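Work out the full structure, taking the sequences as your base and the hints as a guide.
Protein chains: 4
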Amino acid sequence: MAESRFKIFSDPVHGFISVPKNLILDLIQTPQVQRLRRIRQLGVGHLVFPGAEHTRFGHALGAMALMHDALASLSEKGTEITPDEYTAALAAALLHDIGHGPFSHTLEHELIEGFAHEAMSRVFLTRLNERFHGALDLAIAIFDDAYPRPFFHQLVSSQLDMDRLDYLRRDSFFTGVVEGRVGVDRIIKTLRVHPLDGGPDAEIVIESKGIYAAENFILARRLMYWQVYLHKTVLAGDQLLRAILRRVRQRLQADGLDLGGSEALLFFLRRTVRHDQIDRPDVVQAFAALDDTDILFSLKQWMRSADPILADLSRRFIERDFFRVTFLPEPPSAAMLDAWRGRIADWLVRQGLASPSQAAADAAYYLILDRSRHAAYERAEAGIRVLGRDGVVRELSESTDTSAIATQTHSVIKPYVCYPRDAALADVLPTC
Amino acid sequence: MAESRFKIFSDPVHGFISVPKNLILDLIQTPQVQRLRRIRQLGVGHLVFPGAEHTRFGHALGAMALMHDALASLSEKGTEITPDEYTAALAAALLHDIGHGPFSHTLEHELIEGFAHEAMSRVFLTRLNERFHGALDLAIAIFDDAYPRPFFHQLVSSQLDMDRLDYLRRDSFFTGVVEGRVGVDRIIKTLRVHPLDGGPDAEIVIESKGIYAAENFILARRLMYWQVYLHKTVLAGDQLLRAILRRVRQRLQADGLDLGGSEALLFFLRRTVRHDQIDRPDVVQAFAALDDTDILFSLKQWMRSADPILADLSRRFIERDFFRVTFLPEPPSAAMLDAWRGRIADWLVRQGLASPSQAAADAAYYLILDRSRHAAYERAEAGIRVLGRDGVVRELSESTDTSAIATQTHSVIKPYVCYPRDAALADVLPTC
Amino acid sequence: MAESRFKIFSDPVHGFISVPKNLILDLIQTPQVQRLRRIRQLGVGHLVFPGAEHTRFGHALGAMALMHDALASLSEKGTEITPDEYTAALAAALLHDIGHGPFSHTLEHELIEGFAHEAMSRVFLTRLNERFHGALDLAIAIFDDAYPRPFFHQLVSSQLDMDRLDYLRRDSFFTGVVEGRVGVDRIIKTLRVHPLDGGPDAEIVIESKGIYAAENFILARRLMYWQVYLHKTVLAGDQLLRAILRRVRQRLQADGLDLGGSEALLFFLRRTVRHDQIDRPDVVQAFAALDDTDILFSLKQWMRSADPILADLSRRFIERDFFRVTFLPEPPSAAMLDAWRGRIADWLVRQGLASPSQAAADAAYYLILDRSRHAAYERAEAGIRVLGRDGVVRELSESTDTSAIATQTHSVIKPYVCYPRDAALADVLPTC
Amino acid sequence: MAESRFKIFSDPVHGFISVPKNLILDLIQTPQVQRLRRIRQLGVGHLVFPGAEHTRFGHALGAMALMHDALASLSEKGTEITPDEYTAALAAALLHDIGHGPFSHTLEHELIEGFAHEAMSRVFLTRLNERFHGALDLAIAIFDDAYPRPFFHQLVSSQLDMDRLDYLRRDSFFTGVVEGRVGVDRIIKTLRVHPLDGGPDAEIVIESKGIYAAENFILARRLMYWQVYLHKTVLAGDQLLRAILRRVRQRLQADGLDLGGSEALLFFLRRTVRHDQIDRPDVVQAFAALDDTDILFSLKQWMRSADPILADLSRRFIERDFFRVTFLPEPPSAAMLDAWRGRIADWLVRQGLASPSQAAADAAYYLILDRSRHAAYERAEAGIRVLGRDGVVRELSESTDTSAIATQTHSVIKPYVCYPRDAALADVLPTC
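Protein chains in written order, with the numbering used here: chain A, 1 to 432; chain B, 1 to 432; chain C, 1 to 432; chain D, 1 to 432.
Treat the hints with care, as some may be off.
Note that identical chains are pooled: a pair holds if it fits in a single copy or bridges any two copies.
[Unchecked claim] SDA-like cross-link-like pairs, simulated, lysine to any residue; straight-line CA separation at most 20 angstroms:
no.	residue 1	residue 2
1	K21	Q32
2	K7	E319
3	K7	G388
4	K209	P415
5	K21	A72
Hints are computed from structural coordinates only; laboratory data are not their basis.
Quick caveat, the model's predicted, so the values are computed rather than measured.
If you want it as structure tokens, here you go:
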């Protein structure tokens, strides 16, 4: 009896996903891809949306599945795609996020200075390519935008790539935020490869019948930002987790104390690793060993730490006793900030968490000023291109009937402050 | 064994709908409500979206079910609602559209001059109230906005009423246009009754946590307009159907010919009925006898009419051989329109559909100039009101973070022209 | 700008359906296929399940779409399919139900004696083939099971064909009966073409990993029968409609009265048409002109008939004032039936619907004895075949772990009786 | 501005879940309930179904939400429920699974001899009741079936309880196995409290219109067992994880080696804890500290263990390189088992995983014989009770039309064996 040429995954978002039993399945079975099963897609988002436990692994499969659908749609419209290109594009979609660290975006900058997960993905791609004897050469060229047919790169990385299509659809599904639902099928069915300025190059465009689906995609993404990714309680969880790592780093580097915790995690906290060191073998090895488990297990140990601040912060995360977040109408003055810090310092002393002499310094872990920022659609970068009924390609926000988009091209920035609920700070804060 | 106090309907959109076995169920069983089973919700929309065969009956049930949910949500928040108010509000939601005629909005103005279906609903409400010996007094007061607690009227008729919530969700479901999906549950859970200007009156507001859901509702509505309600082929079908009725009216009133067709329909075509005559007994009786069946059956008879124009137009509708629609950059000049009419007249003669002497006049049925118009959100009318975290109520487009809405408050108007595909007109039309 | 080679339909059940712009789209645009837009898939089912207004047209598109998916899945597993076979199989799936009459199964036997809709589909196929100059030769061979690769016919007509997969999924969707939901994707992904007894012939089999999906399909079908297709109120509506046509036929043939109504419908009621006459030109023409509109419009006319029985029955249907259905533990004896008929006759007289001399005869329209019958799975016919992990093909009910199926292979038959709710019959009926 | 009386959770399965801001929300915020966020609902199921990362926390919320729906449905039918009973029933549903350990069912018996998670839930309930000063007295009485209205206990624990309804719906949702979807709404709408044998006691029954939904529930549950819970690869993952813990226990108790790993986990592996010791303070404390994180983090440490067997087994789990599972037609004879063990022992030596003298003993970790067992419906236990139209209550499998159920009342038992894919054992195994 003939073996099937596909392994089938049951995905609640896209239904059955067929994985060819070739390089693609081999890649899925590597420890690097399996590690993505232990990295939650939404960082601390599951602590706000209880269904959103989904991982980078499901997203990687989903992006690959959508790449298959997109290539099939383009083929039907006459764009020729060779078997090698097909496999390389699937591999690039599957591996595009392989460089993510624990809790996805939350901890990036606490572990490695100036970190960009794409750069780490590139490092992992090189390692995998060595292991597979160059089988990923073409996938890497697509990832690097060094392949002569640039539309493949656009499908992997652009404002309307398979990554975004999958994560919006997936995050909407698992959070239950139905307003973020994107018409992925419709968008993919209206993709087309179009000659660039009449020359030999070609780009991905949306046919004009897909214009509302594309607009809806921009607006759904914006909605997911404000309702999910930048949800106040998500920000609170993010900041708490980052404060904990900062505390550990400070104690380790100052006192050299043994606080316990995951060795792979401590590797990044005992020293400062910069973004230009990410291909050092010891860094790669430690990073590849890290996942959400290391963070959570370490927190559970640190809950019992002798350092009262570390113990309190860790307990707060494990028991989901987060700080409060208040958005501010504008960034506070230095004087306001000083006054707030003073209140927090007093509170720390009253709580027995810090001595009077330490409280001012330790207040940095309990009063966090930051700002959330989102631009739904960055026209400047490399806009979504629409093929009009007149045969002319225009940028989406310049196409007819998309007035709602034009307003989405600037960033929205909101300063906010994070602090313990019972620290009596709320009364003195200005409100929006 | 105790009878259940509810009859349960299985609705694919909202799941089970429980109908109290009291006045509400009695109303559902009247011929007036049963008639809604024979009126398609989307007029000719099912000829473009093959799943969209759903009727006004399902929508009426759905609006009633959402009214139940909204009242339950308001009750949980402390707004007291008496059993009589509950029943009256359900009745008002159930009956709000009872005055719709065949093919919903498409034919309104072809049957009665200056028609508004709300006015006809009001006429039907009075008749039903007589039959039920005044049991609808309170429902009618709510419908008329004459009830002292105006928030009930707002739930029946406003920019965020149960009617709109149901029809958007329902039309999105049956058309398969997932981008139009509205988070109905979320909106209903964030409704609240709030004192108006600190006085004794109260209005419906959205809590601030529902602001994105409300914004999404506005944008989804806009998207449904452009993708569904004003879809080019829907416009083409609408115009064709209206042209047929105009043709019949013209022949009946000019020649008094017997063209066949439904008597109830012919009632409105043999004479001119004005909007201020809708409560005349003969008008009400004829209107109450009308549904989609009368139109379709008449068209099937008229396909075999001796009048070649009527036969051709009717056949086109039944066989879905619609006119082409072309949007114009601006309304055409009189000279342009004359030139186009000339081409159509020539074509009519060549097709044997009109004699040279008649062709100019008959061209009016084959060259139709109109414009589509939509304002997603009419702030002026009576905007959606949002209760801020600061306790202040603001209009939605003035609330934080809703820049996308501010752009939706003006109307978008698009002129277009309708004509036979093979009439060689496309070449001379300006394009957008 | 290149025209797309596909027309896309938005289907709420299967999402986007791509229709090749060749013979398939031409077929869809014929009056014969467009007529299916006016024939409800579930007969009177929409009067019980208010969302179930869907038509044979959507089902025809859906069966065609699943045929595409099935052929794509078989191709991926190495079964070669030529472009001609592909188009023919799509055409056969699209047209398999084209011979259905108004209200689908309900009226079949009232219009034509011994009618089978497949035979009428075959007549229509021949006409279309003439019009398309033989382009349907191969589709007809597949339909007739005369094509040398019999698995194509199995995909069109067998216990696990595209017809059943689509209608179960579709009817479950539109009725809201989620328990009837079938894992169509999974079943299609596990189809395979397997050599029959090692010879050159081949059959469709299910891979063993699809065995639970196939079992679920059988059980879901059974559930849809008892909950939807044979729902008591559906039976009541069916019987009422059939009684009306019998009454009209009786009056027309006995008295030759002019009762009004659709001419195409009256064609079948003025005379007796037998199943071996269905290819007579006048029969084909009248049948092709018939759809649900003719029935409903005629009922609306007959509501005002001078025949009180016809008027009453028609009004009952239009106002959904159906008879009551009571299932019986066993078929009643002749004596019981006589007694019941006597009660009904008395009631008719009391109601002023029949004179004492006529009441006994007219009781036949108000007391209807029938039985519902369903066999979920007919092993004998041509069972579902499963390819075991050992390479041996077995019939589904003989495969491992499908004990639930073995019990489904016999027919379940339930006698029932239909009568007016207020006719005081319920008290004397035996109960199950 | 009035605070809302409910906190709303966005659940992708049931939509919005409203949690009263009273005892129920306080319970959710305890560390004991928050711990459920770190325990996957399906043990190793997420390694087979990539979307199935959902946790016991979401299930606890869901069961509580369904309890609310069930009580609301029963209230509408006239069963009186006091506010205290309402809160207690919600608490009981929320906490019913609070005693689950890491990986849910997988590890139960490896940690505590004769463990039953219900007993541990009871221990936790007592502790929480102390903390809440007796506020859980009534919830505990319901949990213990010691409350005079036994139907509350039935809603918490029976063959058709809120636990089962939620987990089937939830597991079907997150695995994407649509065939397992249960019509939860319909079942809940057809529940009713009925006097038991005419006496003062009352039981939960299903109204006869819910009979197909109940039957579908049984069959869906059976399907989820064979397709998900007892999926071959799930069994393989379960057995691997259990073998690892056995290995650690053996090494710790034999050699007292320091293997690293979570202290809370090691507590249970250094000693033997019996089910009658689960309320010992040290046991409760260690158990309450345990979650999936402890297991995964320990495995990641053990991958680098000096014990080659432990390192190999741990790596296999982390990299998802599971054993193969083969179902056997019958339990093997002792001689067969010996022969298979010999092959495995040889393979261990060849792989360098065991010395020749140790290989026979160590083979126990690489050749695992077990059996899967499932009874879809246990009539004997306490069947589902159906209220017939005749007012008589019957057990489901004795009700009309449920022949498919009668076959589901016996257990299906399948022996199987687990072993490394490359150990050349497959060839000598008998096949089903």
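Evaluation of the provided hints:
1. K21 with Q32: within (18 angstroms within a copy, 44 angstroms between copies)
2. K7 with E319: Between copies only: 18 angstroms across, 40 angstroms inside.
3. K7 with G388: Answer is between; shortest inter-copy Cα gap is 18 angstroms, intra-copy 40 angstroms.
4. K209 with P415: Classified as between: cross-chain Cα gap 19 angstroms, same-chain 39 angstroms, threshold 20 angstroms.
5. K21 with A72: Both, since 18 angstroms and 17 angstroms are each at most 20 angstroms.
Of the numbered hints listed earlier, not one is contradicted by the structure.
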